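Taking UniProt numbering, the leading residue of the sequence shown gets 1, the next gets one more, and so forth.
Please keep in mind that the hints were generated in silico from the structure rather than gathered at the bench.
Don't take each hint at face value.
Think about it this way: if two alpha-carbon atoms lie no more than 27 Å apart in a straight line, the pair counts; the simulated DSSO-like pairs of lysine-lysine are [said to hold, decoys possible]:
1. 178 with 142
2. 178 with 147
3. 64 with 46
4. 74 with 195
5. 74 with 50
6. 46 with 74
7. 64 with 74
8. 50 with 195
9. 46 with 178
10. 64 with 195
11. 46 with 142
12. 195 with 46
13. 142 with 181
The calculated label-pair distances, taken between Cβ atoms and stated as ranges, are [claimed, not checked]:
14. 144 with 94: 19 to 29 Å
15. 49 with 80: 38 to 48 Å
16. 50 with 20: 40 to 50 Å
17. 146 with 115: 16 to 26 Å
18. 84 with 145: 32 to 42 Å
19. 181 with 74: 32 to 42 Å
A quick note: this is a predicted structure, and the numbers were derived from the prediction, not measured.
Ideal Cβ placement from N, Cα and C applies to all residues, glycine included.
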Amino acid sequence: MHPHLQPLSLPDAEVYFAPAFVPAPQRDVYLERLLQEVNWQQESIKLFGKLQPMPRLTAWYGDKGYTYSGLENKPQPWLPLLQELRERVQEASGRAYNSVLLNLYRSGQDSMGWHSDNEPELGQEPSIASLSLGGERRFALKHRSRKDIAPVRIILSHGSLLLMQGPTQHHWLHHIPKTAKAVQPRINLTFRYVKG
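Work the whole structure out from these sequences, hints included.
Structural data, given as structure tokens:
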């Protein structure tokens, strides 16, 4: 485990955070290249029987397809830059990843609702490595069943790495809320291992 990855004290979870995993100025270079090189898509999801555009842009790269929120994602082949970032994250976490879901939050109005990454293809105790580049956003975790545990909020800084593994996805939900503040665009890369 990378020395910058510090454990967070959460029951029923295994979460680590490194606020400055990618050093400056490298993180600026990565951000610019990802904005230009990634094949960003505006997907739609069904909400209450109606197709609605997702409040962010997405892209899926890797060795395996993946379905979430009813969207079947056919993988695009790894870009050299994504391979490089995957190797850095694998080395830090000690885990192997064969896919990455990228989200582009264009402004504070782009968001992600409460969810957990618990799809069957990810296995019993998935390891999700989340790399953030660009504008700072607030990330929150809340326990699924224990109301005595207050939600946990983390500021995902430019170049930070958040690692969620063990039983985390069974017991906790997470989200990125909208913000009225002026924020720079943010790219989030969530590396994962898809079975099958």
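Structure-based check of each hint:
A distance of roughly 17 Å separates the Cα atoms of residue 178 and residue 142; the hinted pair therefore holds under the 27 Å criterion. Straight-line distance between C-alpha atoms of residue 178 and residue 147 comes to about 23 Å, which keeps the hinted pair within the 27 Å bound. Among the hinted pairs, residue 64 with residue 46 is consistent with the structure: their alpha-carbon atoms are about 23 Å apart, no more than 27 Å. Proximity of residue 74 to residue 195 is assessed by CA-CA distance (about 14 Å); at most 27 Å being required, the pair is judged to hold.
The suggested pairing of residue 74 with residue 50 holds, with an alpha-carbon distance near 23 Å, which does not exceed 27 Å. Only pairs whose Cα atoms come within 27 Å are accepted, and residue 46 paired with residue 74 is accepted, the gap being roughly 18 Å. A C-alpha spacing of about 8 Å is found between residue 64 and residue 74, which places the hinted pair at or below 27 Å, so the restraint holds. Between residue 50 and residue 195 the CA atoms are separated by roughly 31 Å; this puts the pair beyond 27 Å, and the hint is violated.
For the proposed pair residue 46 and residue 178, the alpha carbon gap of about 20 Å is at most 27 Å, so the pair holds. For the proposed pair residue 64 and residue 195, the alpha carbon gap of about 8 Å is at most 27 Å, so the pair holds. A threshold of 27 Å between alpha carbons decides the hint, and for residue 46 with residue 142 the separation of about 24 Å falls inside it, so the pair holds. Taking the CA atoms of residue 195 and residue 46, the gap is near 26 Å; set against the 27 Å cutoff, the hint holds.
Using a Cα cut-off of 27 Å, the hinted pair residue 142 and residue 181 holds, with the two alpha carbons roughly 23 Å apart. The hinted range of 19 to 29 Å is satisfied by residue 144 and residue 94, whose Cβ atoms lie roughly 27 Å apart. Between residue 49 and residue 80 the C-beta distance comes to about 42 Å, which sits within the given range of 38 to 48 Å. The supplied range of 40 to 50 Å is met by residue 50 and residue 20, whose beta-carbon atoms lie about 42 Å from each other.
Remark: the range hint 16 to 26 Å for residue 146 to residue 115 is upheld by a beta-carbon distance near 18 Å. Between residue 84 and residue 145 the CB atoms are about 40 Å apart, so this pair conforms to the stated range of 32 to 42 Å. At about 35 Å, the beta-carbon gap between residue 181 and residue 74 stays in the expected band of 32 to 42 Å.
The earlier numbered hint that this structure contradicts is number 8, and it is the only one.
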